[in-house]
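Chemist: Spelled out, the chains give:
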Amino acid sequence: MNEQIEQLRQRLRSAGQAVNGTVRIMEVCGTHTVEIFRQGIRSLLPANVKLISGPGCPVCVTSQRFIEMAVRLARQHGVLAATYGDMIRVPAAAGSLEQVRAEGARVQVVFSARDALVLAKENPKLEVVFVAVGFETTAPATADALLLAEREKIRNFSVLAEHKLVVPAMLALLEGGRARIDGFMCPGHVSVIIGSEAYRPVVQQAGRACVVAGFEPLPIVKALTRLVEMAAEGVANLENVYTVAVSAEGNRRAQQLIDQVFERGPATWRGLGQIEGSGLRLRQAYRQFDAFERFGLTPGPDQEPPGCRCGEVITGSIEPPQCPLFDGVCRPTQPVGPCMVSSEGTCQAWWKYHRVRV
Amino acid sequence: MTKVVSRGESGALGTTSEQVNVGGRIVLAHGGGGELTDELLRGQILPRLGNPALNRLADAATLEVAGARLALTTDAYVVQPLVFPGGDIGRLAVCGTVNDLAMVGAEPVALALSMVLEEGLDEAVLQRVLDSIASTSREAGVNVVTGDTKVVEHGRAEGMYITTTGLGRVLDGVSLDVDHVQAGDAVLISGTIAEHGLAVLSRRKGLSFASDLVSDAAPLAGLANALVRELKGVRLLRDPTRGGVAGVLADLAAAGHSVEIEESAVPITPTARAAADLLGLDPLTVANEGKFVAVVACEQAHRALGLCREHRLGANAAVIGRVTDRQPAIAELMTAIGGRRVIQKPYGEQLPRIC
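These protein sequence lines are chains C and G, in that order.
To convert, count from 1 in the first sequence and add 163; that's our numbering.
To convert, count from 1 in the second sequence and add 7; that's our numbering.
Quick caveat, the hints were computed from the structure, so don't treat them as lab data.
To give an idea of the chain G side of the interface with chain C (calculated C-beta under 8 Å), a few residues: (1) G287; (2) I337; (3) L340; (4) I344; (5) R347.
Beta carbons: idealized from backbone N, C-alpha and C, even for Gly.
Build out the structure end to end from the sequences listed, making use of the hints.
Modeler: Right, here's the structure in full:
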């Protein structure tokens, strides 16, 4: 590995020298963010290559008003709310899901949508709501559980879903020069589902380079090297260095599952606001499983915790230490914003692996 | 050191709810051996109880008594489950205290044992724990010479809590102190890391996973005493329990000594690495109960390594890095891929009740 790394570092150095000014690369995957910090990959890059951790952590991009609704649902409607681990710690006005659980609300952490369905089967007298977030990686699992509930006629199961799509968010970031990004390191798991060709619009319409990468340190460095080289050459291509797992067309079966159950609609992203066509909502035929409708939930205003600048961290406009709350009142065990809650959040990764106290 | 016990069951990982919301109340992370423990010590305990011996916050206090240099330490054990792969609360209670004595260069002289038993505790469990205390004490060459037993109502303790207090005699001419550390010194670890924390976790309710991980709990006085007797260049010994190796290294940085650690040099078994990956834990932050980190003068590092490797408990010892003169001081990891990143003391305890 050392020899390969040395070669890549040399290529990075010469590409970095050939670039005019700074190259800004965004990774759009929480797992990449953590691995980059954990492996100290930032320290391998030339000084004029800047990494921006983008909206790749599902918990981090979930809108505050969705969190508020989930908490309200658990507190006021007597349901059993089942959701993914980090979700329960995101603070809401009335406390996090974890805190309302301590006050008696029914909240359970599950590892998959099917686990939530099992809870519904085991508790036939309870309404079980799966609070579903995440990108194209988790949406098929939600669809699958919902179809199974339909087949098995499990009526006490519903989903409160805010699934999101990665590519529309990447395009939205570039619109109107909102974020200056020269190239994207595209997520591994999401790409397994959507396929590398899904990023074609980013390359063709927006003229930004895209490289799909896996999660080992070497492929990450390889992808970054290619992005810097493309910047130096002044080209923007779509490349895939994760061909073992990612095909051009992606996982058709998973895509069909998503299409069968969901349709595209607007979605609200923390830090990015509402983006047309970036969300998945249940199709009419499956609305009986929609917790919004079943419990008459209407979204309130989207008010983020006072002082929290997660939105700007997610879009790369600031780095975590620029947030006045970072490492003061906002720490991994008493997080204010989702970027510190989630183990994939930029703030938590920065806190763990990059924070220097002088 | 301070430990905080969780009440009742909560959440998939068992204990997270008590870790949030610091504000006028003790949370689990206060007992984690990380930054919050430091805050509790410096904010609450030292202002009230501080004195020259306590203020040093060493693994054990060293005292001059009638011309003799004695070491004194005490530790409470609240581990759950009581029995785990490779040991139980009894073995842990002997090892932890004996090791704290060994880390200040002392040989253990005697142990005191206090037990808080919960009404309804299975006698077979108590017998197992006592047998384990007996055999581990023999292994460490020390006797339990006094003790106390209390029983509390069912529901007021989880099976049993143990406190052991250890008295030791500091070896002649030995003085281990973070102030003796110098730039250029070698940093050595006595064996593979992260096994205790992961082994306990592998049997934790709601989190159990199949694994052949075994706790490394072992009394280190024999090895540690031999090392400091033999080599005058041993500057500092620390046992990386809660907070793991990262905690020890971050303490070195906090004391003004920069360290550079080579990730590829840190010994870890493939099983432990896989388990840490599975749980999303950095093995450097996971607890050990039968390992020490030694800072040794560079020219004696090779001999220190040889001495360790001759001993059963040091067979996998390795030099993992060095002290540098970089200021401001920082603990850094040179990753396998050639990157650099900061090594932090974990904020709180991700895995409570491991000791």
